[in-house]
Structures are given as structure tokens and as C-alpha cells.
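Participant: Sequences listed follow chains G and A, in order.
Residue 334 is where the first sequence starts when you use our numbering, and the numbers rise one by one after that.
Residue 334 is where the second sequence starts when you use our numbering, and the numbers rise one by one after that.
Please keep in mind that the hints were generated in silico from the structure rather than gathered at the bench.
Hints may be right or wrong, so weigh each one.
[Said to hold, decoys possible] Covered, in the sense of this in silico footprint (three residues per stretch, anywhere, with C-beta under 8 Å from a C-beta of chain A), are these stretches of chain G:
hint, stretch
1, 420-427
2, 455-462
3, 494-503
4, 658-668
[As the list claims (entries may be wrong)] Covered stretches of chain A (chain G as the covering partner; in silico rule of three or more C-beta atoms under 8 Å from a C-beta of chain G):
hint, stretch
5, 422-431
6, 455-464
7, 610-621
8, 654-662
Quick caveat, the model's predicted, so the values are computed rather than measured.
Backbone N, C-alpha and C fix where the C-beta goes; we use that ideal spot for every residue, glycine too.
These are the residues of each chain, in order.
Number of protein chains: 2
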Amino acid sequence: MPVPAPHARVEIELGERSYSILIGSGLLQEPQALDALPRAASALIVTNSTVGPLYTAQLREALAGRHAQVHVLELPDGEVYKDWATLNLIFDALLSHGCDRKTVLYALGGGVVGDMTGFAAASYMRGVPFVQVPTTLLAQVDSSVGGKTAINHPLGKNMIGAFYQPQRVLCDLATLKTLPPRELSAGLAEVIKYGPIHDMDFLAWIEANLQALLAREPAALAHAVRRSCEIKALVVGQDEREAGLRAILNFGHTFGHAIESGLGYGEWLHGEAVGCGMVLAAELSQRLGGVDAAFVQRLTKLIEAAGLPVRGPALGAERYLALMRVDKKSEAGEIRFVVLDKPGSAVVRSAPDAMVRDVLAACCEPL
Amino acid sequence: MPVPAPHARVEIELGERSYSILIGSGLLQEPQALDALPRAASALIVTNSTVGPLYTAQLREALAGRHAQVHVLELPDGEVYKDWATLNLIFDALLSHGCDRKTVLYALGGGVVGDMTGFAAASYMRGVPFVQVPTTLLAQVDSSVGGKTAINHPLGKNMIGAFYQPQRVLCDLATLKTLPPRELSAGLAEVIKYGPIHDMDFLAWIEANLQALLAREPAALAHAVRRSCEIKALVVGQDEREAGLRAILNFGHTFGHAIESGLGYGEWLHGEAVGCGMVLAAELSQRLGGVDAAFVQRLTKLIEAAGLPVRGPALGAERYLALMRVDKKSEAGEIRFVVLDKPGSAVVRSAPDAMVRDVLAACCEPL
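Chain G extracted, bound-state conformation (with noise of 0.2 Å):
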């Protein structure tokens, strides 16, 4: 299928489960962008109560034609509806609108809405197609891209989900200017962790580039969305279910999940938090003798400059690690954490509670 000219094109390569992500300015209204996808007599469109009355419109126009029947369902907007409850509304309207296994779902939203609408694809009738449709800068460098589809327990962040891979993603980059700058700014913290695990060119351009990222500006934005796509790309097309490589994309989670955990899902952005894990793996990862204190501060300082917090919340060093061990990574109760052994490479390894102690006195704020 040929794409526009001033649109890219990121493959990932996983079999019979490949996929294309399409990048570009005005996707959401061009037909041909969802050329080659399955036509089926019902699809349904997940959205969120912020971003479906801006983009709705536009999407369910390129649908006609494609599906005789385009359904819609808005669910309410925010971290704390990452529930079951709120994913039984998807399964409520799938089944009472008599939706087949060829349905069509497509998630438009940031990445709330796409792990939630993902889970109920791959869990509707045993698993039924999806499109990703991001409209935050999050879901279109990390969480549209991959797979990983969940909804959170009330004992552990993202604990129910499953695997499961959209036929597309359609980053369409003219809805990022609608975006709050508060979720810019975590979509950011995705952005530059690809730096540190893989890519230190990449992190140069990033703060080289940060004005422009910050004013929106397309070219850049394209940029940073394409190369951090490509980046995930490279790693789950060789790490598909995270048995090993893959974890490396956790760089900051640990640490991050146990703050949205602890604060209560919702009080600080999943990239909010994913920014000043970062703060702390990296300082973790200068007392694992990975990097040096020039580096955590390097990193430090850009996490800081593109608007996310570098203090971790006053959780109490007994709570983090409680918290930590029942992340996803932990084996037997012992927290597995995603370190840079050198700048541009991540590492998935334990390490001494005392030290994570003293990582967590050094960068959060007293109790």
C-alpha cells in the first residue's frame, strides 16, 4: 500500500501477528490509511469523554464505507477507569449491539483507552481484530505499540491483561495539538527513556530538540514519535511476550509503578511517574557502577526541562519496596529492576535493599 508522501512507516516484525504503524499529520482523515485492514459488516469505535467529541467525526467518516455499522462508546477519561467494571461497558456494548467475531474495534485515545479496548479485543469471543488510534504522545511512542493490553487491579498496577497485537496504529500527529501540556510532557518521558536504554544519539537530538518538541512543532514531533516507534520495534520483534530483552522498555517502571500505586492511580500521569522513575533507576544504576554521577545528572536535568517531576512522592522507603515486589518483573518476592549498565544500554537485575534505600532516601521526599 503506498502512503502519502509526508507520512513514515514503522514495521513490526512478528510473523503472522505483523502490523504497520502509520505517522503522519491527518491520518484520521484519509481513507487509504486503513487500506488493506479487515472490512467487516460492524465495528466499534472505544473513546474516552475528552478525546471523542474532538476526533469521533472525523474517524467514523473514514470508517463509512468500510463497516455498514459503526457503533460508538465513550467511556469516562482517566487512569482510575482502567478498571473491570469500566471494560464490562465494552463487553456490555459489543454483545447488545450483536457484534460477531469479524467486529472491528478501534481505540481512539491515549493509552488508557487503548490497553482497556486491547484487553477486550483479545478477550471478546476469544479475540477479535483492533486498530490502535493514539492521540496522545504516550500511546503513540509506547503503549499503542507492542501489544501489551491490561486493565489494574486494585492490588497492582496493569496485573489482567493479555498479549495481543492490532492489525494497525494510525499515529496521527494533528491530534497532539490538542493535547493537554501536562500529558505532553509525560508523553516525553517515553521519548527520552528510548535514549538512555538504546539510543545516546537519539537522547542528544531529544535535548538538542526539546523547545521544539515542547512548542509541538510537526517535523520534530515526527521525528521523535517515528525513531521511539522504531526503537520498540527493534526490541519486542525479538522479545514479543517479554521473556527477556523486552523488559528493558521498563526503564523507570518500577520505580514509576510504585508511585502511581502508592499515590492512587490518576494523581500523577503514568509519564509523570515513568519521568522521576527514571530519576531513580538512574541512580540506582550510578551506585551499580553503570553510569556516573555526570550522566544522572544529564538525565536529570532534561526529565526536568521537559515539565515531569524528579522527586519521588513521600511513600516512605518500606512502602516503595512493598510495592515494588509485586510488580510484574519479580520473581519469588525478589524486585527486578531494569538498570543501565552503560549509557545507551539497559540491563534487567536485582539489587541489595539497602541500596534501593538509599536510592529512594537520596530522591524522594521525606516521609
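Model the placement of chain A on the given structure of chain G, informed by the hints.
Facilitator: Relative to chain G, chain A alone:
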């Protein structure tokens, strides 16, 4: 791994998701039945309040030495509990015990326990290993083999689930000794099913050995379970995700699901509804020209002799049709039936509503 002489082994060939079904009396008491399975720090046995008191202690003993911690969760017994609330009890147990990605789930019970434990294993942390230990005939010959897992939704049976393969299936025939007669008959419905859809010799064998099966003679049960699993393995191996061929395993299930759903789950056992559903599906097959009246009579006689209902309950034709339209095989509102194109061979096809109404009028109690 060498299997002790009296035990049979059926291999399910699914590439990296391949696994073995072991069939024999006393398997639960043989730790070597678990050889080559993943060792993990922790395990969770999921069972129900009927089966648990009978067999949990045996399984626990067999697992001692494999897992440092073996937790047990007893669910309430019955199809009515195959819902999200009960599934969530499994997640609660896993999270409150700090279970991780390597924790092994053991499903000890019938189809409901197997389906829910399998879906929990598929979804917990996006997938942990599990072992099926089916203790009903129905689960041994059907639900524990093939990787279909699911829970019910108020608007439809098995609507939410996953294709997720176990690491192994242990069919201990000794556990069938405690099975209530009604459940033995329900299991025989699925055993009988393999005849008309694939193997007329097996159908003749069942007819000749029905009394031995009803008397639970071990040699007869062993052959019935083994041959059923072999046929299912053959079909599933060619079509893991039910794109085509696999649907023939649902012979009798389209009508059967409507009966279960229309009466309210749990009123009739699944196998009872399938037994009766096979009579209706055979009747429809005759009207479509695949089999003759003598065949329908022969099958009906066997189903009745197995202790199963052969007249559909009085739901009314419109309710039957409405319920069947939400069946997972339906496409764009058209019901897809599994019918016999000749004795020993099944296909999936639609049928005129008028013909289905005639079948319902002929085979169901009047409203």
C-alpha cells in the same frame, strides 16, 4: 519421559505450545506425572467446594517438592459462578499471595474450574503457566483439551476468554468414581459427539460399550477418554484458533448454548444441553440432506440411553433464534450451524430460519 504402562498419552501438536494429555487411574498420586513441567517457587491449586475436599490433598502431596509454596483456592461449585466476580477471586488470591509470572496454576475440577483457571492463567500478568487436572468426564474429553478458556457474560455464554494452552493435562480416571451419575451422562454427550462428526467406528464402539461406560469400568472409560482426546487433538492441531475446521467440535452446541442460556446457566448441565442439542442438529442435518431419518433415530436412541434429555425445553422458537444469533459462530446476525454432511463428517453452514423453526417445532416442548 517414560509413562507407567497402564497410562496412555495423547500429544497435542501446536508448535511451541504443544503439550501432552496423560490418561490413567491414580495419576494424581504419581509425582512422575508432573515430570518435565516447570518448577516454580509457588503454585496455586484452584478447585471448587465439591471436588476440593476429595482430591486437593492428593494433588498437594504430589506437588510437594516441586513448589516451595502451594496455595489453594476453593471456588463455589456451579456454572452460575463462571463469571467475572468468581474469576476475580483467583486474581485476588494470586496477588495477595504475591504470586509472580512463573507461578503455576493447577485447575482441579470440572469444566467451570478449568475454563476459569485457564482464563485467569492467560490473563494474570498477561500469562502464567497452568496445568489442567480435570475430574469430570466432560472436562477430560472436552473442555480441558484445546486451550479454550472463558467466562460467561449475562448476555452470552463463554463470551469473554482466550485461546491459551495448558502445559499438561492429567486425566486421572480414578476421580470419575465420585462423579454424580447426572454428570457422567453429561460427559458421555461429548464422548458421543466425536462419533457423528468424525468416526463412525467409535460411535459403534460407544453403542456396544455404553453399559460398561455407565458402570464406570476403567478399561471402557480409558478407551473413551483416549479416543475422544485423539480426535480432538487431530482437529485442534489443524485449527488452533477456530478459523474453520475446529468449529465442528461444536456439533450440538449452537442449540445447546441457546438451551443453557434460555433456561439460565446451571439449570441443565452443559453436557445435557449438548446431548439434546445434538438431536436438534441431527434433525437439521436430515432436513439439509446430510443424513437420513434412521441415523437421526439411532443417534437419538444412544443419547437417550446415555441418560440425556432428547427433547428441547419450551423456550419458543423466537427465543431460540434470538439466543443463537449471539452465538460466537454467527456472522452479521446469520446463525452458523454445525451439521452432518454425512454420518462421520461435519460442516459449518447456515440454514433457512423456516427450516430451523420446523426443527424446533419437531424437537422441543411447545411453549
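Participant: So, for every hint listed, does it hold in this structure?
Facilitator: Now for the hints, and whether the structure bears them out:
Restraint check on the stretch 420-427 of chain G versus chain A: 3 residues with Cβ-Cβ distances below 8 Å, three needed, restraint holds. Given as covered by chain A, the stretch 455-462 of chain G passes the check, having 6 residues with a CB less than 8 Å from a CB of that chain where 3 are the minimum. Counting residues of the stretch 494-503 of chain G whose beta carbon lies closer than 8 Å to any beta carbon of chain A gives 3, which meets the minimum of three for the stated coverage. Given as covered by chain A, the stretch 658-668 of chain G passes the check, having 8 residues with a CB less than 8 Å from a CB of that chain where 3 are the minimum.
With 5 residues having a Cβ less than 8 Å from any Cβ of chain G, the stretch 422-431 of chain A passes the three-residue criterion, so the hint holds. Coverage of a stretch by a chain is defined here by at least three residues with a beta carbon nearer than 8 Å to that chain's beta carbons; for the stretch 455-464 of chain A and chain G the count is 6, and the condition holds. Here's how the stretch 610-621 of chain A fares: 0 of its residues keep a CB closer than 8 Å to some CB of chain G, so the rule of at least three is not met and the hint is violated. Under a criterion of three residues with beta carbons nearer than 8 Å to beta carbons of chain G, the stated coverage of the stretch 654-662 of chain A is upheld, 4 such residues being counted.
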